[in-house]
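Colleague: Please take these sequences and the hints and turn them into a complete structure.
Sequence lines, in order, name chains A and B.
Every number in the working numbering is 154 more than the matching position in the first sequence, counting from 1.
Every number in the working numbering is 174 more than the matching position in the second sequence, counting from 1.
Don't take every hint at face value.
Said to hold, decoys possible - Beta-carbon label-pair distances, calculated as ranges: (1) ARG249(B) / GLN584(A): 22 to 30 Å; (2) ARG249(B) / THR337(A): 50 to 58 Å; (3) GLN363(B) / THR228(A): 55 to 63 Å; (4) THR230(B) / THR337(A): 48 to 56 Å; (5) VAL445(A) / ILE200(B): 48 to 56 Å; (6) THR230(B) / ASP216(A): 49 to 57 Å.
No lab work stands behind these hints, which were simulated from the structure alone.
Ideal Cβ placement from N, Cα and C applies to all residues, glycine included.
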Amino acid sequence: MGKKIIFALMTTAIFALAGCASSTTISGSDTNSEGTTSIEFFGWGSAEEQENFQTLVNSFMDENPNIQVIYNATSSDSYMTTLKNRGSSLPDVFYMPDYEFMQWADSGKLYDMSNDVTQDELDSVWSLSTDMYRYDRSTSTLGTGPLFALPKDLGPYLLVYNKTLLQQIIASKSLSLELPSPTVPMTWDAFRDYLKALKTPEVFGIGSYEMMHAVYSNNADYWDETITTQTITNPNFIQAFQFIADLHLVDGVMPSPSQQNSMNAYQRFLNSGSLFAWMGAWDMKAFWNTVAFDFDVIPTPVGPAAGAKSTSWVGSVGYAVANNSAKKAAAMALAKYLAFNEESATLNYQLGQAMPNVISIAEGPWLDQDGLSDRSLMPANKQLFIDTVKQTTLIGGKNRARYYLYDNTAIDDLEDSLEPLFAGTQTAQQFLTAYASSFQNDLDENRSYLN
Amino acid sequence: MAVVTKPRHSKLTRHEERVALLFIIIPIIGFLIFTLASFSYGFYQSFTDFNPVRETTTWVWFENYTDLLSDANFRDAVGNTIILMAAMPIGISLGLLLAVYLKNLAKGSLLLSLFYYLPAITSAVAVNIIWRYIFNAEYGFINQFFGLNIDWIGIDYWFIKIALWIKGVWSAVGVTMILYLAGLNNIPQEYYEASSLDGAGKFQQLLHITIPLLNPTTFYLVVTAIIGGLQSFAEAQIFANGQKGARTIVWYIWNKGIYQGKYGLASAASFLLAAVIIIVTIIQLRRSKMLNV
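Modeller: What follows is the structure in structure tokens.
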């Protein structure tokens, strides 16, 4: 009896181990018996985004029948943790957000794709989006050196307004205001006056104000050019933070931090609880399908500092290929298809996924609204996305602050410490002067990772 | 001098032992891999600055522990965790009173017990989301019903804690009540009858019979409540959405380890927390022996 049980358990164990071994062998091979290479592509996104990407991947597999792509996605919240926990067993192709890029490029885990991409291909997309994924490991310098990812998208984060609600309030209050200019940025004072005039008990002017937009648009920054010395005590920087605090404390046109915590700016905007919010091109599909009001984008208001220019942060996610992937050719084919292919770029914008990477598609069919209809025609001011990326005399775009850091603690801690400022117990001058040494310590720690 | 010899098992017994060992080998392997090995690796990691992206590890001795103690955020998390546990005696006392009330209720006690026990079987995530709506400053039930304008889940240090105390008591009272009800059923009725003949009132009976005889239940509730309180996370993350006044030690560990990828620091914080839980439990066990629980 006992021997039978032992025999049964051992047999089961042997079969289980044999099963593991055989499955490893299959997944470890470059191609299977039918000559098909199987690669893993890992990303994140909502169900809608995953659906869109499965469509793109299917399109790629139709064109490349010898490559089978296994597409997996998770939520954006858990994506980086999942990726980090995979250690060296990385997917062949995976998303690489700009704010994590430096750490990953520095680690040597990303494949240097400089020799796999032609100059023509690079010239076909926005240079800002490809320069962003260059990194010189020998000098720890961003924007130069080998190319470690191809852009999935390039997303200027722009000021969006609820056109329907705005027109209703203007009419109900009999105001002599016009809709904001799509091309000329308002000054901060003009923006504050505009919001104050439109304020109602039920509707806030703006759900929250992006700190980087205020800082960048007042000719300020968080650090010096070497990212080693803090500049948050610079008068322009202080002025930018005080401007944001005053939107709530003085003008009452922005929810308190607690109100923002109970309902974030994005949700408040969707609920028509605020006139203005911020949107990236990736929000388009949700705006088309979730809300009924009309919307459009305008330039970020510009601060009073000398040399200030309306500047929005421009986020991006890249397609990276694992340096230890055994199927780099297939992985690069997929990454290039998703980044450079015109059909992919067209599908991407028609699905409301992103502003097209391919310049000719962005400046041609996208601006001409080809293949778009009804709500998908919005936002009408698509030119602003392009101006932000291309940089004009009035409009600019810049990487978000986290992009420049190996470790994001400096920005996380700063944003986490703002209560005294937004509660009104300290002015921006008092708060930033007191906080400067902590910020500098975080910057020093950031630098220590690169030494 | 007597020689102690090990009893020799029969062949059948040895066979049975081997078979039995096979049955428990899987849980033992699970324990070794998922508990003991993870625990040991975590302890080792608390002395390193493991970088999950570079996959490099440097031995830093006690640096993580000293960093923790000098980190104001960690000290705040410890303070919050302790303050939030202050509602524990209220929950236990209310559970006891409720159990006594239901025990003496002629009709409907079963239905009421089920009703009060509902919070215990409801998902912690759902409970926290619902209470978050209840305490919402703009459209929450409490502010609307009482005509208040309190920013419960805001930046105020105390309001958020009061909100969490209320929610904590509501969540705890059901389990406490059920366990006390079970304990009450084990107290012989004769004790109450005898004390009544001696002229003892209801309050004296509660004080001198019920509470002392429920000591084992109270001990269990206090131990589990302290351990649960020290491990509190959902309240900080889901109910308070990470607001400073509600951040607990486990939230701090999650934030450092999972969000910021500072595994060494998070491991050090985990081991400090584990040490505190072990010490508190030992003290309680010793006290329970002293009290003959």
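Colleague: Against which earlier hints does the structure fall short, listed by number upward?
Modeller: Hint 6 is the one this structure does not satisfy, whereas the remaining hints hold.
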